[in-house]
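K.L.:
Single-letter residue listing:
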Amino acid sequence: MKILVPVKRVLDYNVKPRVKPDGTGVDLANVKMSMNPFDEIGVEEAIRLKEKGVATEIIAVSVGPVKAQETLRTALAMGADRAILVQTDDAVEPLALAKIFKAIADAEQPGLVILGKQAIDDDNNQTGQMLAALTGWAQGTFASAVNVEGDSVNVTREVDGGLETVKLKLPAIVTTDLRLNEPRYASLPNIMKAKSKPLDTKSPADYGVDTAPRVKTVKVSEPPVRSAGVKVADVDELVAKLKAMGVHS
Amino acid sequence: MKTLVWVEHDGSAVKDATLAAVTAASKLGEVHLLVAGEGVDGVAKAAAQIAGVGKVHVADNAAFGHNLPENVAPLVAELMGSHDAFLAPATTTGKNIAPRVAALLDVMQISEILSVEGPKTFTRPIYAGNAIATVESGDAKLVLTVRGTAFEKAATSGGSGTVEAVSAGSDAGISSFVGAEIAKSERPELTSAKIIVSGGRALGSSEKYEEVIVPLADKLGAALGASRAAVDAGYVPNDYQVGQTGKIVAPQVYFAIGISGAIQHLAGMKDSKTIVAINKDEDAPIFQVADLGLVADLFNAVPELTGKI
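Protein chains in written order, with the working numbering: chain F, 1 to 249; chain Z, 1 to 309.
If we strip away everything but chain F, and leave its shape as in the complex, we get:
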């Protein structure tokens, strides 16, 4: 079966986001961009399923600017077989993304779509669930284990307070959580090889999807600033201050 893995180019997780002074968003000029960490876990999981002989082909797809090609090349270097860039300079919301991925799923007929549970820029945590709704497929979100057995997949999910396992009929949607795996680094030979793997470029219009935003960003501001408090001299002073706040055993 084929596996579709959507990947997003985002501000690298080690870079501190800076709000633009005019309040229109976060400054992304001349900062390091990387693959969304949760998507990286998705790519890794797809590769492992291929290594196990469960998957036959991995298609990485990204919706974004020309530079998202780099993110797709990373996925190809890790082990994806081919890539599709749905090129647009607009910020595309999860609902429109899900519509694009639905159209690609209709065309490619994957057995699984593995997405990151959320992108670390807009933190929406929606696209996988929305894609599941639009395809009518089952969803295993926040996965920490994925086991394909015949025509179904068992997904262990990270839920508040523990783990839950659900059995989903294939095709299905999986979204990744942190514990699912540890993504591999692409080796230099694989990075070279990735350069010649196929990468198609499309546009949202090719899939008949209107990407006009439904939600307007009125402004983006800095969160309330925390100012440093006091340094205490020793444990006794700390205990006294904590007790005054009502913190004690």
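Some hints here could point you the wrong way.
[To be verified] BS3-like cross-link-like pairs, simulated, lysine-lysine; straight-line CA separation at most 25 Å:
id : chain 1 : residue 1 : chain 2 : residue 2
1  : Z       : Lys273    : Z       : Lys247
2  : Z       : Lys2      : F       : Lys216
3  : F       : Lys231    : Z       : Lys273
4  : Z       : Lys219    : Z       : Lys208
5  : Z       : Lys120    : F       : Lys219
6  : F       : Lys243    : Z       : Lys280
7  : F       : Lys219    : Z       : Lys27
8  : F       : Lys50     : F       : Lys193
9  : Z       : Lys27     : F       : Lys216
10 : F       : Lys219    : Z       : Lys141
11 : F       : Lys243    : Z       : Lys308
12 : Z       : Lys15     : Z       : Lys55
13 : Z       : Lys208    : Z       : Lys27
14 : Z       : Lys2      : Z       : Lys15
15 : Z       : Lys208    : Z       : Lys308
16 : F       : Lys216    : F       : Lys50
17 : F       : Lys241    : Z       : Lys27
18 : F       : Lys219    : F       : Lys32
19 : F       : Lys241    : Z       : Lys194
20 : F       : Lys216    : Z       : Lys141
21 : Z       : Lys120    : F       : Lys231
22 : Z       : Lys153    : Z       : Lys273
23 : Z       : Lys15     : Z       : Lys45
24 : F       : Lys16     : Z       : Lys247
[To be verified] Derived CB-CB ranges, DEER-like:
id : chain 1 : residue 1 : chain 2 : residue 2 : range
25 : F       : Glu237    : Z       : Gly179    : 32 to 40 Å
26 : F       : Gly136    : Z       : Ala140    : 20 to 28 Å
27 : F       : Arg184    : Z       : Val163    : 47 to 55 Å
28 : F       : Ser249    : Z       : Gly179    : 31 to 39 Å
29 : Z       : Glu117    : F       : Asp90     : 19 to 27 Å
30 : Z       : Gly179    : F       : Lys219    : 40 to 48 Å
31 : Z       : Glu304    : F       : Lys219    : 41 to 49 Å
32 : Z       : Phe177    : F       : Arg184    : 29 to 37 Å
33 : Z       : Glu211    : F       : Val230    : 23 to 31 Å
34 : Z       : Gln288    : F       : Tyr185    : 44 to 52 Å
I should point out that these hints are in silico values taken from the structure, not numbers from a laboratory.
Cβ atoms here follow ideal geometry from the backbone N, Cα and C, with glycine treated the same way.
Keeping the supplied structure of chain F fixed, place chain Z upon it in accordance with the hints.
P.N.:
For chain Z alone, kept in the frame of chain F given last:
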């Protein structure tokens, strides 16, 4: 505006996160609740007592027993025919179901709202809380998830909601519940704990984490957390991780012990009411956000603190 709030429950009691969502809903208009599950009469009665609640829709059906979104989302979408906004707590259950509902309604969801600024305008954190976006929905209906730490909890008594059975519901037949391992520890959950004690890389080993961090947490009835560095070093499991790629927490008191305060960690805990930092490096960035800082060797200071608090 008529709102419909997802009641998160464990089969017998309404969970706290629901109460914050009720408060958010009450800022928009009339509050109706949805209790879905199997054998949920008791939950429905408790839900009807929540202050300010109008109608409580009860969908009692085996198909809703484990909150499977494939079965639950169509039910919510149908009820949304007579409501204007759907609100779910931003728990793993709420996050699982709400976007599926939103897509069925062709609505763009607004996730993890922090405040209600107007009938269609909300604030929400982006970049793990490093920026706050004010957003306005252009859709006819609203689908929202509500960050529990951002709203007061509605009172669990004083309400007089009317309970109404919903007959809709069926099993979509594409998913089933296999099992769950819910940690039955006396310890509170990381994301809802009032006090969290977190350890960092400076601990040096999982043995030291056990020896130094755990006793303090036990004494305070606190949840256990860790920095990504401590998780990556294998001191504790990944689900302890607080930070941009881990859990976002906002307890009353957060103890950062041997944690330098990398950006990605700060993003996960800087909304804590009080931050206490213990670190031997007085230049550690954690002290720039700590309300109470102690420059000391954690291996001496923490056991002493545990003994004296």
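K.L.:
Indicate, hint by hint, whether the structure satisfies it.
P.N.:
Structure-based check of all given hints:
{"no.": "1", "hint": "Z:Lys273 <-> Z:Lys247", "result": "holds, 16 Å"}
{"no.": "2", "hint": "Z:Lys2 <-> F:Lys216", "result": "holds, 23 Å"}
{"no.": "3", "hint": "F:Lys231 <-> Z:Lys273", "result": "holds, 17 Å"}
{"no.": "4", "hint": "Z:Lys219 <-> Z:Lys208", "result": "holds, 17 Å"}
{"no.": "5", "hint": "Z:Lys120 <-> F:Lys219", "result": "holds, 14 Å"}
{"no.": "6", "hint": "F:Lys243 <-> Z:Lys280", "result": "holds, 23 Å"}
{"no.": "7", "hint": "F:Lys219 <-> Z:Lys27", "result": "holds, 21 Å"}
{"no.": "8", "hint": "F:Lys50 <-> F:Lys193", "result": "holds, 18 Å"}
{"no.": "9", "hint": "Z:Lys27 <-> F:Lys216", "result": "holds, 20 Å"}
{"no.": "10", "hint": "F:Lys219 <-> Z:Lys141", "result": "holds, 22 Å"}
{"no.": "11", "hint": "F:Lys243 <-> Z:Lys308", "result": "holds, 10 Å"}
{"no.": "12", "hint": "Z:Lys15 <-> Z:Lys55", "result": "holds, 18 Å"}
{"no.": "13", "hint": "Z:Lys208 <-> Z:Lys27", "result": "violated, 47 Å"}
{"no.": "14", "hint": "Z:Lys2 <-> Z:Lys15", "result": "holds, 22 Å"}
{"no.": "15", "hint": "Z:Lys208 <-> Z:Lys308", "result": "holds, 20 Å"}
{"no.": "16", "hint": "F:Lys216 <-> F:Lys50", "result": "violated, 40 Å"}
{"no.": "17", "hint": "F:Lys241 <-> Z:Lys27", "result": "violated, 37 Å"}
{"no.": "18", "hint": "F:Lys219 <-> F:Lys32", "result": "holds, 24 Å"}
{"no.": "19", "hint": "F:Lys241 <-> Z:Lys194", "result": "holds, 17 Å"}
{"no.": "20", "hint": "F:Lys216 <-> Z:Lys141", "result": "holds, 15 Å"}
{"no.": "21", "hint": "Z:Lys120 <-> F:Lys231", "result": "violated, 43 Å"}
{"no.": "22", "hint": "Z:Lys153 <-> Z:Lys273", "result": "holds, 17 Å"}
{"no.": "23", "hint": "Z:Lys15 <-> Z:Lys45", "result": "holds, 14 Å"}
{"no.": "24", "hint": "F:Lys16 <-> Z:Lys247", "result": "holds, 18 Å"}
{"no.": "25", "hint": "F:Glu237 <-> Z:Gly179: 32 to 40 Å", "result": "violated, 49 Å"}
{"no.": "26", "hint": "F:Gly136 <-> Z:Ala140: 20 to 28 Å", "result": "holds, 23 Å"}
{"no.": "27", "hint": "F:Arg184 <-> Z:Val163: 47 to 55 Å", "result": "holds, 53 Å"}
{"no.": "28", "hint": "F:Ser249 <-> Z:Gly179: 31 to 39 Å", "result": "holds, 36 Å"}
{"no.": "29", "hint": "Z:Glu117 <-> F:Asp90: 19 to 27 Å", "result": "holds, 25 Å"}
{"no.": "30", "hint": "Z:Gly179 <-> F:Lys219: 40 to 48 Å", "result": "holds, 46 Å"}
{"no.": "31", "hint": "Z:Glu304 <-> F:Lys219: 41 to 49 Å", "result": "holds, 47 Å"}
{"no.": "32", "hint": "Z:Phe177 <-> F:Arg184: 29 to 37 Å", "result": "holds, 32 Å"}
{"no.": "33", "hint": "Z:Glu211 <-> F:Val230: 23 to 31 Å", "result": "holds, 28 Å"}
{"no.": "34", "hint": "Z:Gln288 <-> F:Tyr185: 44 to 52 Å", "result": "violated, 32 Å"}
Consistency note: the structure conflicts with the earlier hints numbered 13, 16, 17, 21, 25, 34.
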